[in-house]
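Fit chain H to the known structure of chain Y by using the hints.
Residue numbers (this note's numbering), protein chains in the order written: chain Y, 31 to 270; chain H, 31 to 270.
Bear in mind the hints are in silico, worked out from the structure with no lab data behind them.
Nothing here was measured: the structure is a model prediction, and the numbers come from that model.
Any given hint might turn out to be false.
In this list, chains with the same sequence are indistinguishable; a pair is considered to hold if it fits within one copy or across any two.
Below, computed lysine to aspartate or glutamate pairings styled on DMTMM-like, alpha-carbon distance capped at 25 Å [said to hold, decoys possible]:
#	residue 1	residue 2
1	K40	D264
2	K40	E101
3	K154	D116
4	K188	D264
5	K154	D56
6	K40	E245
7	K154	D264
8	K154	E131
9	K188	D105
10	K40	E95
Below are the chains, spelled out letter by letter.
There are 2 protein chains.
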Amino acid sequence: MTYCVGMLLKEGLVLLSDTRTNAGLDNISVYRKMFTFEEPGERVIVMLTAGNLSVTQTTLARLNEAIDDPEATLDTSIMQADSMLDVATITGEMLSRVTAETQARMDRMNQAATASMIVAGQRKGGRMRLFLIYPEGNFIEATEDTPYLQIGEHKYGKPILDRVITANTPLDEARKAVLLSMDSTLRSNLSVGMPLDMAIIETNALRVSEYRRIEANDEEFAAMSAAWSQALRDAFAQIA
Amino acid sequence: MTYCVGMLLKEGLVLLSDTRTNAGLDNISVYRKMFTFEEPGERVIVMLTAGNLSVTQTTLARLNEAIDDPEATLDTSIMQADSMLDVATITGEMLSRVTAETQARMDRMNQAATASMIVAGQRKGGRMRLFLIYPEGNFIEATEDTPYLQIGEHKYGKPILDRVITANTPLDEARKAVLLSMDSTLRSNLSVGMPLDMAIIETNALRVSEYRRIEANDEEFAAMSAAWSQALRDAFAQIA
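Bound conformation, chain Y alone (with noise of 0.2 Å):
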């Protein structure tokens, strides 16, 4: 399992991902879900996967390979597709080939894998886009009203982004819901494992305006989920 999350808002883009992959309770591993595609001034892409990971590593492989191709054209690299909406589009059939390619293989052992993204980023001269992507390739995009898209666990960190997020939450406000989200999801279910990547870019930027590795003693973290922990247990005992 995997928790992954984005949020689109007026500031910018927030995103954040756990790092644990299973197979199995009794074989975990640290793999990064989060990766970053950048040409400053021109373009900023942030993935995120969920699901498999021999098909969301070939995935992102084959999205690398046809970056560096010399013969790369606008509708097969998305560092140089013209829009947001192309680089979903391309990742999106990718994703979609590589599932079906390893599905033909999974059926003869009556297995399953599949795996979603989540794309976001922004482009010179676009706005900034938010898209979840699902394991056929087709996909759907935040909106002002529903301005974050989960991947993997999504239950248990869902309440609060309700409760506290929208459009025009500021980036701090969101930078703390999405930990506080992930923070309970890390509590319920075992296969979602620290340690944390989170990305921030600020609108028009076109650049990671911020990255952080949450390792799994961070300071910071452990006190922002003490003082939740406490603030949740007061605001308990204050209602009526």
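Coordinates of chain H only, in the frame set by chain Y:
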């Protein structure tokens, strides 16, 4: 879907269920999921159900038939059983048998029909007990370390319970906690719906101490829900 929760506390049992049953999103109905069996001073039993309605209704109907059978024994009637453990065993066997019968018919259609139950109560001379019965008929029991059990859509309402509930929580705090846990679930899952049924059984009362049906327009519940939303937002604003 459904959300039911039961808590086993030093002061007593707290049980809460929703009433929504759905066959698809376009076919929803209100069905009671809380069932009470009481011989005041002798025994009190409350059951909560989740899952396929035909399975839970048939299971309850047969348990009632066994109670009314003039040849009922302590091995067949939950109202004659010697202990809450025996009540859980009789209920588990009945649930397993009904599930197997229904499943045989469903298999032909490549469909599944399962259900799970919470069974709680006290038999004179015994202690209060709380069980979660799986579709296969086996069961687990609440303990001092894990004083609450959930069936149905358990994820949205779990974080609040994990943070505030211990075996020593007083009944009025526990009542507040289950209602807030339900409130979070109602907000996030359309297949969980009002009205709610709540029962409280004080330790050694051997009867239902308090029963309440909470309708969709209940002012007290609406006020608590609004106060909790505000308290959460305040708590969020207050932490660094």
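These are the hints, each one checked on the structure:
For the identical chains of this complex, K40 and D264 are inter-copy neighbours only, at 22 Å across copies versus 32 Å inside a copy, given an alpha-carbon limit of 25 Å. For a Cα distance limit of 25 Å, the shortest separation of K40 from E101 qualifies neither inside one copy, at 37 Å, nor across copies, at 72 Å. For the homomeric pair K154 and D116, the shortest alpha-carbon distance inside one copy (13 Å) is at most 25 Å, but the shortest distance between copies (70 Å) is not. For the homomeric pair K188 and D264, the shortest alpha-carbon distances inside one copy (21 Å) and between copies (18 Å) are both at most 25 Å.
In this homomeric assembly, K154 and D56 never come within 25 Å of each other (Cα to Cα): the closest approach is 45 Å inside a single copy and 44 Å across copies. Neither within a single protomer nor between protomers do K40 and E245 lie at most 25 Å apart by alpha-carbon distance, with minima of 29 Å and 39 Å respectively. Proximity of K154 and D264 under a CA criterion of 25 Å is satisfied in neither setting, with 46 Å inside one chain copy and 38 Å between copies. Proximity of K154 to E131 under the C-alpha cut-off of 25 Å is found in neither arrangement, the shortest distances being 34 Å within a copy and 63 Å between copies.
Proximity of K188 to D105 under the C-alpha cut-off of 25 Å is found in neither arrangement, the shortest distances being 35 Å within a copy and 45 Å between copies. In this assembly of identical chains, K40 and E95 lie within 25 Å of each other by CA distance neither inside one copy nor across copies; the values are 33 Å within and 62 Å between.
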